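The listed protein sequences correspond, in order, to chains A and B.
Residue numbering for the first sequence follows numbering that gives the first Met the number 0, beginning at 0 and increasing consecutively.
Residue numbering for the second sequence follows numbering that gives the first Met the number 0, beginning at 0 and increasing consecutively.
One or more hints might be untrue.
[Stated by the list, open to error] If you only want the chain A side, here are some residues facing chain B, beta carbon under 8 Å, derived:
id : residue
1  : A101
2  : V104
3  : L210
4  : G215
Simulated from the structure, these hints should not be mistaken for lab results.
Note that the structure is a prediction, hence the values are computed from the model and not measured.
By construction, the Cβ of each residue, glycine as well, lies at the ideal position given by its N, Cα and C atoms.
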Amino acid sequence: MELLDFLHHGFIQRALLAGCFIAALCSTLGTFLVLRRLSLIGDGLAHVTFGGVAAGLLFHAYPFYVAIPIVMASALGILKLIDKARLYGDAAIGIISSLGIAGGVLIASIAGGFNVDLFSYLFGNILAISSAEVWTSIVLCLCLILAITLSYHELVAITFDEESARASGINTRRINKVLVLLTALTVVLAMKVVGIMLVSSLLIIPSVTALQFARGFKATIVISCLTGIISVISGIVISLMLDLPSGATIVLVNLLLFVISSVTVRIFRKGSGHGT
Amino acid sequence: MMDIVAADRLCFRFNGIEILKDITFALKRGEFLGIVGPNGSGKTTLIKLLLGLMAPNQGHVSLFGRDIGNFHEWSKIGYLPQKIAGFNPHFPATVEEIIALGLLAGKSFPRRKARIDRESVDEVMGLMDITSIRGKLIGELSGGQQQRVLVAKALVSSPELLILDEPTTALDPESRERFFTILKNIREQKETTVIMITHDMGTIGRHASLMLYLDKIVVFYGGFDDFCVSKEMTDYFGEYSQHLICHRHENFLIGIKGLDDSD
C-alpha cells in the first residue's frame with residue numbers, strides 16, 4: 000500500500016518513466032559495446048560529460064545541452080584516434096577520458112570550486128528529474144531506438160566481424176560513427192539516472208547479465224533491457240523505502256542481478272554436466 | 000569474356016616495407032585460382048586488396064569489369080576470412096543468425112530479412128550438414144563446426160566470386176573432402192569463380208585450374224600442371240613435388256608429409 004502511495008507522487012512517476020526508457024537504451028547499446036570490447040567507452044564519455052557539465056555551470060547554461068555536443072565530438076575523437084593514430088580502443092578512450100576530467104576540474108576551479116549542482120551530476124539523482132528532462136529523454140530515446148532498429152543488422156554484422164562486414168559492402172565507418180554518437184547521447188541522458196561516476200554500469204552490467212544465459216542476439220538485447228529496467232525500478236523503490244541514494248542503489252541492484260544470474264547459470268551447467 | 004576479377008600491377012607497402020610488388024592476373028568465370036606461398040609472402044594482403052579492404056600504393060583492381068571504386072554489387076562476392084580477428088567465443092548469436100549475416104550484402108538500407116532469406120539459410124545449412132546445430136550458439140561449437148558455419152555464411156548469397164582464405168584449416172579430413180565436393184558441385188552448377196589461399200596442396204591440386212605462387216612478387220602464375228613441373232614448385236616443395244603430380248592424377252593416395260599446414 001505504501002509503495003502504491005509512492006506512485007502518486009509526480010516526481011516518482013517522472014523518475015520511473017525516464018529511468019525505464021534510459022535503462023532500455025543503455026542496455027541495448029551496451030550489448031554492442033560489450034561484445035566489441037568497447038565497454039569502457041561509456042566511462043570515458045561520462046568523464047567528458049563531467050567537463051561539459053562544468054562548462055555549462057560556469058556559463059550558467061543548462062549543462063545537459065552544453066554536454067551533448069562536447070560528448071558527441073569526443074566520441075568522434077575516440078574513433079579518429081583509433082583509426083588515424085592507430086591506437087587501441089582502450090588507449091584512445093583513456094586519452095579522451097583524461098582530457099574530460101582534466102578539463103572539468105580546471106573549469107570547476109575557475110568557477111570557484113565544486114558546488115552542489117556539479118555533485119548532483121556526479122552521483123545522479125533521478126528523483127530530481129524535471130518534466131522537461133523526462134520529455135527530452137523520451138524523445139531522444141525514441142529517436143535512438145529508431146536508429147538502432149534501422150541499423151540493427153549492420154550493427155550485428157560489424158560486432159561479429161568488422162572485416163567481413165566491410166567486404167559485404169557495409170559502410171563500417173558510418174555505422175561505427177552512429178554507434179559512438181548514440182553512446183554519447185545515451186551517456187548524457189543516463190547521467191541523471193545514476194550520475195557521471197556510475198553511468199558505465201548501466202551500459203555494461205545488464206548486457207553481461209544477459210550474456211550469461213541468453214540464446215540468440217535478439218534474446219540477449221531483450222533480456223538486457225529487462226534487466227536494466229528491473230534494476231532501475233527496484234533501485235528507485237528501494238532507495239525511497241530505505242532512504243538511500245538512488246543512483247548507487249540502482250547500480251547495486253544491477254550487480255545483484257548479475258551475481259544471481261551468474262551463480263544460477265553455473266549451478267545449472269554443473270547439474271547438466273556441462274560445467275568444467 | 001569479361002574478367003570476374005583483375006589485378007593490374009598491384010603494389011603494397013606497409014611502414015616502408017614492400018609487401019607486394021607488381022601483382023598482375025585476371026580470372027574468367029568458373030576459373031579456380033589457388034594461391035600458395037610461404038608465410039608472410041602477402042597472400043592475405045593480396046586478397047584484402049582485391050576486396051577493397053586495403054588500398055594499394057600502386058595499381059588497381061577491377062571486379063566484374065568495374066573499377067573497385069565504382070563497384071557496389073557486393074552480394075556477388077562471398078568471403079571467408081582466414082580467421083576472425085578476436086573471435087569472441089561468447090558471441091550470443093545462433094548458427095542461423097550468423098549465416099543470415101551473409102545475406103546483408105544484397106540488401107539496401109534498411110536491410111530487412113525476407114522469407115526467401117530463411118529458405119537460403121536452410122538450403123546452405125543442409126549443404127554444409129549443420130542443420131542439426133542451427134539453434135546452437137557459435138561459441139558452443141568445435142573449431143571445425145565453426146569453420147563450416149563460416150563457410151555457409153560465405154556461400155549463402157550464392158556468390159559468383161568466392162574468396163576463401165584457408166577455408167579447410169580447422170576441418171578434419173572427412174569434412175575437408177566434403178567441403179571440396181560441395182565446392183565442386185557449386186562450381187559445376189553456377190560456374191562460380193574461386194580464389195583460395197591454402198597450404199593444403201594435396202587437395203587444391205585436384206581442383207584448382209590456375210595456381211599463383213606468391214613471394215612478394217608473382218613467382219609463378221599459370222595452369223596447375225605447368226606449376227607441378229616448374230622450378231619454383233620444386234624449390235618450394237622439394238622432394239614432395241612429385242607427390243602433388245600424383246595427387247593431381249588421383250593414382251597416388253598417400254598424404255603429403257612435411258608440408259607446413261599453419262600460416
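Structure-based check of each hint:
no., hint, in the structure
1, A101, "31 Å, violated"
2, V104, "35 Å, violated"
3, L210, "6 Å, holds"
4, G215, "5 Å, holds"
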